[in-house]
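Enquirer: In case you want the letters, here they are:
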Amino acid sequence: MLRFILMRVLQALPVIFVVITATFFLVRSAPGGPFDQEKVVIPEVKKALEAQYRLDLPLHEQYFAYLGDLAQGDLGPSFKYPGRSVNEILFSGLPVTAELGLYALMIALIIGVTAGVVASLRPNTAQDYVPMSLAMIGICMPSFLLGPLLVLVFGIWLDWLPITGWGDIPGDKILPALTLGSAYAAYIARLSRAGMLEILSQDYIRTARAKGLPEWRVVTQHALRGGLIPVIAFLGPAFAGLLAGSFVVETIFQIPGLGRFYVQAAFNRDYTMILGTTVFLSSLIVFFNLVSDIIAAWLNPRLRHQLSGGGS
Amino acid sequence: MALLSVDNLSVSFVTRNGTNKAVDNVSFSVEQRQITAIIGESGSGKSVSCYAMLGLVPSPPGRIDGGTANFQGQDLLALSEAELRAIRGRDITMIFQDPMTCLNPFMKIGDQLIEPLTLHQNLAKGPARARAMALLDEVGIRDPQAAMSAFPHEFSGGMRQRVMIAMALINEPKLLIADEPTTALDVTIQAQILRLIAELQTKRDIGVLFISHDLAVVSDIADQIVVMEKGKVVESGQPKAIFDNPQHPYTQKLLAAIPSGQKAADTVAPDPLIRIEHLRTWFTPTAGAEPVKAVDDVSLEIHRGEVLGLVGESGSGKSTLGRSILRLVPITGGQITFEDTELSSLEGRALKQFRHRMQMIFQDPYASLNPRMTVYDTLAEPLLLHGLVNKAGLDQAIRELMDNVGLARSFLRKYPHEFSGGQRQRIAIGRALATRPEFIVADEPVSALDVTIQAQILDLLADLTKEYGLTMLFISHDLAVIRQIADRIAVMYHGKLVEEGSTAQVFDSPREDYTRSLLAAIPGANAA
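Chains as they are written, first to last, in our numbering: chain A, 1 to 312; chain B, 313 to 840.
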């Protein structure tokens with residue numbers, strides 16, 4: 001088990017390294033720099049600024065200096081917000097984004113699994129077609145369309161829920177979480193339907209029915225565990241995707257999360273901020289992938305056996 | 313009064329392509345304390361009849377058109393789903409064909425075993441576990457305590473079938489339905505499981521409905537035999553009457569298909585085509601672990617023009633030996649010589665040039681054909697790959713192949729899923745013959761097929777061996793099949809060659825204990 005985790009972490013390091021390197025040089029190759037946009041700066045001041053942020057060094061030296069800082073967990077100072085480090089900014093936005101992502105994931109799971117299981121019980125009937133068509137719409141509809149639509153219906157026409165903010169008015173977290181989670185709910189619905197259909201056609205389901213178990217027990221005790229393994233394997237990437245993809249929703253609903261900084265950093269050529277956010281999010285993606293792989297393997301007795309046999 | 317009496321049962325499947333009568337006016341009965349066997353090929357409706365009475369045929373598409381099934385004074389077909397559930401798993405229980413897939417891989421054996429007890433008798437977990445352990449012991453599981461907390465994948469097929477039997481008996485049912493319970497098992501295991509079922513049946517005084525496609529299997533244990541074909545009962549009676557004096561042509565055909573008799577001994581001058589010396593094929597599962605010695609120091613000669621039968625149970629290394637000869641798995645040591653060429657050292661192009669002289673036919677015709685290639689493409693691929701024909705001669709060559717393996721030329725544009733198992737195996741044989749090989753490894757080529765189809769494929773292989781002048785290594789766990797086709801027999805056990813000799817020699821005077829136990833396990837001693 002330990003060896004499995006260690007191997008996976010070791011495999012992840014080159015991935016993150018490539019992400020850092022590619023991002024570093026891509027950002028630098030974009031025209032413009034952090035101090036080019038606003039009012040004209042006297043050359044002496046600009047020079048001093050560049051020296052302060054190591055921009056006067058040759059590119060490869062900057063690169064190795066950055067790697068050195070990174071190895072110590074230091075993402076560097078922000079160019080755009082003088083006096084604040086990228087670490088500070090990230091960790092101020094992270095709790096909000098993580099909370100939003102968590103709610104969205106819970107909504108996605110509850111709606112998705114329910115719809116998928118319900119659809120799988122009577123395939124190719126209305127009970128299957130209706131939730132699956134909704135899921136298709138959910139996958140196709142981008143959040144910048146769904147968000148305003150939900151705002152229009154629940155916020156303006158029905159006037160049930162607040163339309164902006166985060167934690168200011170009760171209920172203002174519902175619409176953003178729903179907007180962010182719906183595409184994932186749709187995807188999870190399709191995954192769980194496919195997984196359940198596969199398991200429900202297995203011989204051991206027939207064995208369970210032959211025992212005289214009522215259908216709901218056949219589904220909950222015999223089918224769900226195997227049927228939802230694909231969903232669980234997807235949860236890790238999904239949560240990472242929710243964190244990284246929340247900026248559209250954060251912008252629509254004016255939420256002070258990570259995503260906003262990310263987008264602004266790109267406009268501002270805030271090199272360290274762009275790099276820091278990218279490195280942070282890609283590490284999260286790798287981490288959550290690993291976690292969900294471990295859980296999925298743990299749920300499957302056959303794989304679990306191999307894991308613990310692999311030298312824990 | 314009969315324990316179960318089914319009268320005029322009809323079941324059909326309603327699909328978009330029309331209604332298909334799977335079971336047509338079928339009547340049979342199971343007496344108290346007796347075994348009734350239903351015999352028929354796949355698709356004959358034998359399983360559907362039994363599943364339908366228990367409400368296990370999904371509806372739609374299944375539909376019960378009529379009939380009654382009286383069990384202890386109740387008509388099963390008239391019961392509600394809830395009433396039927398109360399009988400299912402308590403009074404009537406089932407064991408199924410494939411023990412590998414019939415146990416839930418995500419649940420511990422113990423939890424699956426006690427489920428019927430907690431469900432039907434409201435027994436608490438403690439006493440239920442005690443009861444389950446006693447029963448595991450009774451069906452011959454060595455360490456019941458450990459078995460309770462094991463997962464199914466830790467057990468072999470035979471052990472899993474024992475668990476299934478324990479699960480079916482745990483509520484002391486009145487009727488046990490066994491649907492091909494031994495078809496997926498090796499001969500020796502099959503004999504053990506059959507004996508176990510017969511034993512438990514006498515001890516517990518239950519009625520058994522035994523479904524099988526293999527007359528030989530049931531001949532030893534059945535009190536009553538019902539033969540089904542295409543949804544209808546064509547003949548029924550006591551085993552002796554059926555075997556001695558079969559009335560219906562289909563029953564006669566089934567009887568004739570039981571592999572029996574021996575190949576007429578050809579006097580082939582021993583001219584070794586393939587010489588295997590001290591062959592070792594070991595697998596190392598993880599670095600540093602003890603290697604699995606699948607083939608361990610085997611020396612063997614295969615003579616030109618002969619069919620050498622290679623016998624052994626699953627795990628004996630017989631398939632690995634076949635694959636090693638064809639260099640489909642890397643070998644660990646030893647030598648394989650084909651004519652005068654040392655195969656074990658060939659690499660790359662030289663090996664590829666050799667490949668068309670040696671081909672393989674696999675066990676599962678469902679899995680070994682590419683589902684996205686038409687028959688034409690499947691047959692054309694090896695011909696073109698080895699440059700054996702040019703584009704102009706391709707059509708002609710493929711049509712000849714189709715004729716040779718007994719397939720209509722109109723099938724050429726069809727895909728594998730449109731064919732039956734027997735037809736698919738014919739395609740697979742055609743694919744193997746396409747390169748005009750001199751040597752063929754046939755790995756259990758008939759064990760996935762029904763008996764009558766099996767007989768046809770064996771005939772085809774025997775004919776083609778003569779026509780093409782083939783040398784064949786015929787791998788099987790089924791001695792009766794081997795006896796019919798092989799000139800000589802080699803027996804493998806735990807990776808070693810334990811016995812080798814002419815077919816007559818091995819059958820009449822086996823030298824090794826292991827060979828004797830294999831021979832004793834052949835079902836249908838009464839039938840032959």
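Hints may contain errors.
[Stated by the list, open to error] Not everything, but these chain B residues come out facing chain A in the computed CB check (under 8 angstroms):
hint : residue
1    : F408
2    : H465
3    : S468
4    : R616
[Claimed, not checked] Between beta-carbon pairs, the in silico distance windows are:
hint : chain 1 : residue 1 : chain 2 : residue 2 : range
5    : A       : E198      : B       : G452      : 53 to 63 angstroms
6    : A       : V291      : B       : K420      : 23 to 33 angstroms
7    : B       : L697      : A       : P123      : 37 to 47 angstroms
8    : A       : R217      : B       : G452      : 28 to 38 angstroms
9    : B       : R721      : A       : V291      : 51 to 61 angstroms
Bear in mind the hints are in silico, worked out from the structure with no lab data behind them.
We put the CB at the ideal spot given by N, CA and C, even for glycine.
Enquirer: All the hints need checking, so say for each whether the structure fits it.
Expert: These are the hints, each one checked on the structure:
1. F408: holds (6 angstroms)
2. H465: Cβ of B:H465 sits 5 angstroms from chain A, so the hint holds.
3. S468: Given a least distance of 15 angstroms, the restraint on B:S468 is violated.
4. R616: violated (45 angstroms)
5. A:E198 with B:G452: 53 to 63 angstroms: Cβ of A:E198 to Cβ of B:G452: about 33 angstroms, so the range 53 to 63 angstroms is violated.
6. A:V291 with B:K420: 23 to 33 angstroms: Holds: the Cβ-Cβ distance is about 25 angstroms, inside 23 to 33 angstroms.
7. B:L697 with A:P123: 37 to 47 angstroms: holds (41 angstroms)
8. A:R217 with B:G452: 28 to 38 angstroms: holds (30 angstroms)
9. B:R721 with A:V291: 51 to 61 angstroms: holds (57 angstroms)
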